[in-house]
Amino acid sequence: MVIYCIYIVSKSGGLIFNYDHNVPKVENERKFTYPLDIRLNYENKKVSVHFGQRDGINVGHVLTAVNGMPVTGRQLDDGRDAKDVLESKESYPLTLKFSRPKMTTNEKIFLASMFYPLFAIASQLSPEPKCSGIEVLKGDTFKLHCFQTLTGVKIMTVVDRNQIGAEVFLKRVYELYADYALKNPFYSLEMPIRCELFDTNLKAMLEQIDKSGIASI
Amino acid sequence: MSRSTRFDTKKVNSELVTLTYGTLVAQMVKDLENPDDVSKQLDRIGYNMGIRLIEDYLSKTGSGRCLDLKDTADKIQTAFRMYLGVQPNVVNWSPAGDEFSFSLDSNPLTELVELPDDLKQLKYCNIICGAIRGALEMVQLDVQSWVVQDQLKGDPNTEIRVKFIRRLEDAMPAGED
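Just so you know, the sequences run in chain order Z and V. Using the numbering used here, the letters of the first sequence map in sequence onto residues 1 to 217. Using the numbering used here, the letters of the second sequence map in sequence onto residues 1001 to 1177.
Do not rely on the hints blindly, as some may be mistaken.
To be verified - Derived pair list, reagent style DSS-like, types lysine-lysine, alpha-carbon separation capped at 25 Å:
1) V:K1075 - Z:K171
2) V:K1011 - Z:K171
3) Z:K138 - Z:K97
4) Z:K183 - V:K1040
5) Z:K11 - Z:K45
6) V:K1075 - Z:K183
7) Z:K108 - Z:K143
8) V:K1153 - V:K1070
9) Z:K31 - Z:K83
10) V:K1070 - Z:K183
11) Z:K171 - V:K1163
12) Z:K89 - Z:K11
13) V:K1060 - Z:K11
14) Z:K203 - Z:K25
15) Z:K203 - V:K1060
16) V:K1060 - Z:K183
17) Z:K102 - Z:K46
18) V:K1040 - Z:K130
19) Z:K11 - V:K1123
20) Z:K130 - V:K1075
Since the hints were derived computationally from the structure, they do not count as laboratory data. Treat the numbers as computed from the prediction; the structure is a model and nothing was measured.
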């Protein structure tokens, strides 16, 4: 079972829960000499590979460390600008570490709220009346399954393209939501779910699925 | 861990519910003095329970949206069985089909209860009315619900009336409207 992540979007369209599950970490470190044989670009507050894909360092990967020193945005931890370091000949040879960019929480909230109108548009585009919104969205590397409850809560999961049984999985997540989020008297509706019991039970279910497949839940 | 076994494991003795609920009401009577306020608060508590409980009901039964009130009555009947362990009868349909009653021969909430004389106007089971209203509001049905007959007041059985007001179209989630 390959489940990448789980999102829960409230009735009003806000992201109230997200969980990343076994997304493989892609990291590559290599020694570089002057001049740099890959083209880097600075965008969205990240230094990313623009052109010149090699040794597992792909276009789109971001620079995370220079000589073992972590990079935050475009700044090194000692205060130097990453661009200046990469451009000055004296600093070479350099060991650069690249990894796949990770979505920040803000980006996730942004994407989740973007799905909301998409879902609504899809239901209106339908040639037949009374159409549900998007249930499955398929890309070349993933499938997004969405289950909307009668009360308007959307539970989504991103899974591998060939994964089957995601609908069953979503129903089970719904049960967990009803049990461990809503029955918690200190959880208020529409607010982000910060319930430890919900997290642990979800993790336990995911582990069970990883071990013995979706049919076991 | 199949669906049916999980249902069974969560069953508790109904007396536990009776006693806890009784404690709650007794405490509220002490705190609020005016029985009408207590009834109002019980309805509010019920409402807040209902808006959460509906998700539990939907996730466990997997039932779909109701398109007429008969369907709704049936489903609430199932809910009574799930959460209170009793099967009420659906009776007294209004000619327009927009009102009906649940008639309970036995009500677990009142099993061990007698109302003292000074609390005769207290609506002891108001929590159920609130729960029905809250739960239905979450599935975009606006209803009113009140107690018509009460075994605690000498009636032969407890009757809870439900009146359909309207469908909340503007609250309908996309893909359903």
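Hints, one by one, checked against the model:
1. V:K1075 - Z:K171: 19 Å, holds
2. V:K1011 - Z:K171: 22 Å, holds
3. Z:K138 - Z:K97: With a Cα-Cα distance of about 32 Å, the restraint between K138 of chain Z and K97 of chain Z is violated, given a limit of 25 Å.
4. Z:K183 - V:K1040: 22 Å, holds
5. Z:K11 - Z:K45: 32 Å, violated
6. V:K1075 - Z:K183: Satisfied, since the Cα-Cα distance of roughly 21 Å is no more than 25 Å.
7. Z:K108 - Z:K143: 17 Å, holds
8. V:K1153 - V:K1070: Distance ~29 Å between K1153 of chain V and K1070 of chain V Cα, so the pair is violated.
9. Z:K31 - Z:K83: 17 Å, holds
10. V:K1070 - Z:K183: This hinted pair is violated, its Cα atoms lying about 28 Å apart.
11. Z:K171 - V:K1163: The hint is violated at about 31 Å.
12. Z:K89 - Z:K11: 55 Å, violated
13. V:K1060 - Z:K11: 20 Å, holds
14. Z:K203 - Z:K25: 19 Å, holds
15. Z:K203 - V:K1060: 20 Å, holds
16. V:K1060 - Z:K183: Roughly 14 Å separates the two Cα atoms, so the pair holds.
17. Z:K102 - Z:K46: With a Cα-Cα distance of about 11 Å, the restraint between K102 of chain Z and K46 of chain Z holds, given a limit of 25 Å.
18. V:K1040 - Z:K130: Measuring from Cα to Cα gives roughly 38 Å; hence the hint is violated.
19. Z:K11 - V:K1123: Violated. K11 of chain Z to K1123 of chain V sits at ~33 Å, over the 25 Å cutoff.
20. Z:K130 - V:K1075: At roughly 22 Å apart (the allowed maximum being 25 Å), K1075 of chain V and K130 of chain Z satisfy the hint.
Taken one by one, the earlier hints fail for this structure at numbers 3, 5, 8, 10, 11, 12, 18 and 19, listed in ascending order.
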